[in-house]
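Student: Letter by letter, the chains look like this.
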Amino acid sequence: AAEYEVTLILKDNTSAGWRYLASAAIAAGEKIGVKVTENSPLETQNADEQYNAMLDAIEKQVDAICIAPVDSAGIVPAIEKALEAGIPVFTTNTRAFVKNPEDIVTFVGVGNEKGGYDIAQYMFGKLSDLEKINLIIIDGNRTGQTTLDRIAGIEAAIAEDDRVVLLDSQEGKFSRANAQEIMESFLVKYSEIDLVIALNDEMAIGAYNAISAAGREGEMLISGFDGAPEGLQAVLDGQISATLNQDLPGQGSGVIEAVKAYLDGESVESWIKVGGDVCTPENAAEFLAKLKK
Amino acid sequence: MENTEKAVEPFLKVQNVCKEFPGVKALDNVSFDLCKGEVHVLIGENGAGKSTLMKVLSGVYQQDSGEIYLNGKKVEFQNTRDAQLARIAIIFQEFNLVPNLTVAQNIFLGREPVSSRGVLDRKKLNADAQAILDSLNTGISATDKVELLGVAHQQLVELAKALSFDSEILIMDEPTATLSENEINTLFDTIFRLKARGVSIIYISHRLHEVYKIGDRITVLRDGQTVGTRLVSEASMDELIRLMVGREIQRERIREENTVQESMALEVRGLWDRKLLQDISINVRRGEIVGIAGLVGSGRTELAQTIFGIKRRSKGYIALFGRELEKSSPGKCVMRKAGFLPENRKEQGLSLNLPIRTNIVHAALSMLFPMGIVRRKKEKDIAENYRKRLRIITPDTKRNVSNLSGGNQQKVVLAKWLATESDFLIFDEPTRGVDVGAKEEIHFLIDDLARNGKGILVISSDLPELLTIADRIYVMREGRIVKEFKDSHVTQEEIIAFAAGGVVA
Amino acid sequence: MKKYWGLLKPRLDTLSRLTALAIIFLSLVIVSPSFASAANIINVLRITSLTLMMAIGVALCMLVGGIDLSIGATIALTSILFGKFFQVGQSTASMIMGITGMLAVSILIGLVNGFCIVFLHLPPFLATFGVQQIVRGLAYLLTSGLVYSNFTEDFRFIGGGQLFGIPMPIIIAVILLLIISFTLNKTTFGYRVYAVGSNRESARYSGIPVNKTLITTYVLSSLIAGIAGIVYTSRLNAAEPTIGAEFAQTAIAAAAIGGISFRGGNGNVLGVVIGALILTLVSNGMTLLGVDSNWQVGISGVVIILSVLVDRNASVRKT
Amino acid sequence: MNSQSLRSRRETLAHYYHKVPATVFLLFGMILFFSLLSDKYFTVSNIMNVIVQCSSGVGIVALASYLAICSTGVDLSLGGIVSLSGMITAKILTWDIPLFSQIRNNNPVFLLLIAVTAAIAAGAAIGSMNGLILARTKIPSFIVTLGMYKICETFSRVIAGGTTIRINGLPLFEFIGNGSLLNVQIGRRSIGLLPISMIIMLLLYIFFSFVMKKTRFGTYVYAIGGNNESAALSGINTVLTRYRVFLYGGMIAAFTGIIFTSRLTSASAQNGLGLEFDGIAAAVVGGAAMSGGRSTPGRTLIGALIISVMKNGFNMIGMSNSIQMIAIGCVLIAVVSVDTLRNRRRFV
Ligand SMILES: Nc1ncnc2c1ncn2[C@@H]1O[C@H](COP(=O)(O)OP(=O)(O)OP(=O)(O)O)[C@@H](O)[C@H]1O
Ligand SMILES: Nc1ncnc2c1ncn2[C@@H]1O[C@H](COP(=O)(O)OP(=O)(O)OP(=O)(O)O)[C@@H](O)[C@H]1O
Ligand SMILES: [Mg+2]
Ligand SMILES: [Mg+2]
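Protein chains in written order, with my numbering: chain E, 50 to 342; chain L, 609 to 1113; chain A, -14 to 304; chain Y, 3 to 350.
Worth double-checking, as some hints may not be accurate.
Said to hold, decoys possible - Computed list of lysine-lysine pairs in DSS-like fashion (alpha-carbon distance at most 30 Å, straight line):
| id | chain 1 | residue 1 | chain 2 | residue 2 |
| --- | --- | --- | --- | --- |
| 1 | L | 621 | L | 644 |
| 2 | L | 732 | Y | 42 |
| 3 | Y | 216 | L | 753 |
| 4 | E | 148 | E | 322 |
| 5 | E | 130 | Y | 140 |
| 6 | L | 996 | A | 171 |
| 7 | L | 945 | A | 171 |
| 8 | Y | 215 | L | 731 |
| 9 | E | 322 | E | 341 |
| 10 | Y | 140 | L | 753 |
| 11 | A | 69 | E | 80 |
| 12 | E | 341 | A | 69 |
| 13 | L | 1006 | A | 171 |
| 14 | Y | 140 | L | 954 |
Since the hints were made in silico from the structure, they are not lab data.
Given the structure is predicted, the values throughout are model-derived calculations rather than measurements.
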């Protein structure tokens, strides 16, 4: 029987990335005696449902709550309620903007802003022989924190490199299909594109599909984000150049291990860095092997 | 237009009113007047423009040209509200009740009594409505929902609603079409009372004998034009019919020959349903026209619906052409060559937004096009054929049914069932809202069907109609068959006596 | 002149819709240099063809006075099932098995919709909304959010290939459109669909098998969604449970712009082509013009309202 | 006791049985079911938890959905209105222009009033637009409100300007969504027995129950829903009535927007999107017919509670989300079919 009961609240219940995180968390929990129940918003990334899920977890009197907040600020009142009920709160993937940093036991992950900065910088570096970089960004969902953070990071990198010209950006809603359609239009519109940064792997593959269908493979580089198995495989297959390995499974198991340690009375660092490496054709196989395991 | 002596100055005057619908000149220079305290009857063939004229008078439509004077002052109604304010009330030919509201709410819809703070005064609403209903001897409760009422009761609610306006002019567009003798008498009493109070009434009906009971003057419309106004006391029925139809109409019994065959078309034994019908046994032979008489609510329609499988029977035996129909459904009946013309054309008979010709082939689809592929040419030919035979007045059978006048719509329903070439047909109020001319045609048509060996069951509240065409008449009361008249030598009075329960069978 | 009005009027709706389409098209040609290129027109047609397929199915349901909110979920579930089947053998045989499975499951979903509407007497909006939840839930359950991808070349041909230079999705959509249009206009089934949509009670009295017609319609709608799912999966070269969240909405909008009435019994499925084209043109045009994503949402909203208004403003409500 | 009074009592009982909607039994049945499965379910704090979740989510929106459905429409713009009005509230409370900064410093209560008024005004404006178009044209409400939803989303995104707006240091405002009166101490936690959002929800429901039952407007909404043509021919101003339905719907949804923003102390353009379908589901579960003219605000509230109870209950027993989705779909279908079949038996 499990020693501790934990509620895990992710941003949604549907997209691939969060599934990797959740299944790793549950698996890790089983190994070390923590019962993990996931309770993420059903379809949309919904701050209010996360709030409700927190309240339900409080009523269940779980031993800890792990959350990747959809809205870093919006979740704060709910976190305060949890603390009032004596339930420790852990964040993963995305930080919460609590008033006192010690309200949160630990944050597991690197943060989307840094990730965005890193991958953009890496891709610009790969194009070091160009005098001008014509850039396309395929956004996620501009109402959500994840997109905003990643974009902020990418913009910071753009600001440092004056070769970069941002041609266009459109919302791909993190979906392969949307990205494919958007890229088809961009290919018609722009005769010179050097780099496509997609905010997740699915959209990067969608962009690749459009580019290869138009026979313009090799003209431009593509980067993804997340380091999901498909993304890594696409890097290996040379379809996309790089992806940022968030190590979502690592975040999942990391946060559960932190919970266990904390509840066992051990001390836990306030920031556990997981992931954040840029995956390139050179190291992608390694990451993929680790995932398969 | 002929001049009749007028004792009083006309109260309402319609002058040279024209109204055109796409492709149809519904009103063509109509002039008409109405005096105070008069019952002015309006008659005319289906599609003559009666309802249109009334809708102009009540603000539903606006005339294209021409004037309306009320009390010597020119009026223009932009909507029904304006007409209500001018104290003109109307009972439409088609029902206009809100099913999910109570009777009282319907009667005072748009004029609910409110207390000083704008809060509804339900007590007063119900009491006022009940008072009107009671004055009509309806037995309807003001707090019942309208959707639970039958057609006849709904008609009475319409009447109550019109009365509630306390208007100076009351328009009734075929109020008796769904009523039976009892209710009609109540209606007439009401009309006399109103008249005594100085209310002027415009009364539209296809039942000419009613004209003589209540009318003062009578105006005949034909093809959107007035063809004459007469004092009722001076107009003979033959003259009126000639004015309306332009020819003589035979008003005698039309069935002379006995075409009844031995073999059974329909046989029903010991039929019950869960609510109303009790132990019903009837039969119809091929070549025979059988009538069912009864008061409203006696269950005639239920009986027909149960035979046709629209309502479920709880027990009983039904056979078509000697073969038992174990579980009936409309589809099965149609396949076994039986048809049912329902009483409520708007709700049960027609797809209003579809073309006339499509409606006509609806019931016969699988028979006409067994391969499942529709041939437009055939569809058109069939429709044209019935348009001619039934004299459906329309410029084109491609038009939607909703553009037709009430009577012509009825003919389309009829055509739909004739097109199935069924060997057994149930007609529920087949001539509801149909003019005398067309009615005669329909009667001949039914007679003709019987001559060709088809079995016919006619349900009608119009007793003269039954007496004209039926070979045999059943009388129903409260869900039972209370009497069977083996031949047509009966009088209306005898039938009513059984139907109303005066005589114990 | 007035005499011809009666004949012209029913065609006026189509005419004004066509005008709206032409106006949008021409303005895009003028404003955006890349719009009128052959490559882009093919893009537009290909995207339209997917919207169109789904809209045809929904239009059928709207013709019988219903609606189908479950098509997006149906596409998701069938696409996942294909992924699962394909995984088994990764061969042409498993592909054929997968396709068969997809069609079978989509028919099943249609049957469930039809059952809820006919026998449980549920309003179609609610029934298909509930079924949508169930079906999508199943899709998530089956995959736990994972993505299946990298299908065989012959499967990818269905959504990505070309025949005589015409992309396959366009060919499939046109074939479907012709079949359904023929069915509606020239077969007794089509007549029944209109009859049931126009007045269900009267259809029943006419001996038309109302229940059968309704169920068949919902099955057809789902089946078409299943076919669209095949094309979609093949085009994306991936099966994921999240796809199609907005398909029902888009399809309904296309059908409504195309003149299919929500009350049933009114409208022609050919009009839906215009509806689908208008929607695609607008979103494609905005992308080409570089309209900010934040504004795109709203502009598409305005277009949806306006383009329906175009053919209805002739008959503005009086009272 | 004589047999007659016994019989009449039995009849009254039967009468009441038929008057009580099936959903009430269902609601209690569900609560019982979850109580059996989880011992933490039937506690004061969890019950208040469910009520708060309902009142700050689907509860109020359901009322607006019900109004639209009752007049034979649907209002898909409600989610957009929630997002936009919530965003406007946040924007005004945090707007960095001299006028507002000054008010914020001198009289925060006044600023709060401005923000709330502006949010409701925005809801009213969108509702008006819906109403105007719907009353004046024959465009189906599905399309108009879908378009308006997208327009709301756009404005909300544009006002947000690419971030979420955070509100700090306005405890009075946070109190709307998070606070409550009459707190009791249970263990370490203090449980509010009268949450503000619940009070707002109840006031709205009571007010609209009154409106639907006791005013002409209410009767006219039912009349339009029952038979629009007849209503018009009876001289009812159907244009105005329809307009008011959507106007009020927009204003009601704006309350949810305010509560949302206050509850999360921040506003993202994403908030509230999708809530319109929950609202429709709740109204229909409560007994509203898509063809119009049925159900009451009270029944709608029961429908909303059922949805909230169901979601919370599934969470409490730890059911996985995919299965939850399936279960909710099944329950929706089951509830409404029980209700329709029961009604049909009575009428047919
Ligand atoms: N809304 C409409 N649109 C088009 N044509 C119409 C419309 N209403 C009536 N008509 C046409 O106007 C003519 C007159 O119709 P009206 O309803 O006034 O006839 P009526 O005398 O009342 O006939 P009935 O005795 O059958 O009720 C008919 O030819 C009918 O087809
Ligand atoms: N007492 C009643 N209360 C409510 N509804 C009734 C009552 N009696 C009859 N009805 C309804 O009124 C309608 C008309 O009754 P029914 O059709 O059985 O009689 P009918 O003899 O065919 O009369 P009609 O002249 O209307 O054709 C039916 O739908 C029936 O359900
Ligand atoms: Mg008439
Ligand atoms: Mg009858």
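Student: Look at each hint and say if it fits the structure.
Tutor: Comparing the hints with the structure gives:
1. L/621 x L/644: holds (11 Å)
2. L/732 x Y/42: Given that 30 Å is the threshold and the Cα spacing comes to 52 Å, the pair is violated.
3. Y/216 x L/753: It holds: about 17 Å lies between the C-alpha atoms, which stays within 30 Å.
4. E/148 x E/322: holds (21 Å)
5. E/130 x Y/140: Status violated; Cα separation ~49 Å.
6. L/996 x A/171: holds (25 Å)
7. L/945 x A/171: holds (24 Å)
8. Y/215 x L/731: Roughly 13 Å between the alpha carbons, so the hint for residue 215 of chain Y and residue 731 of chain L holds.
9. E/322 x E/341: holds (21 Å)
10. Y/140 x L/753: The given pair, whose Cα atoms are some 29 Å apart, holds under the 30 Å limit.
11. A/69 x E/80: This hinted pair holds, its Cα atoms lying about 28 Å apart.
12. E/341 x A/69: The hint holds at about 18 Å.
13. L/1006 x A/171: Status holds; Cα separation ~16 Å.
14. Y/140 x L/954: holds (22 Å)
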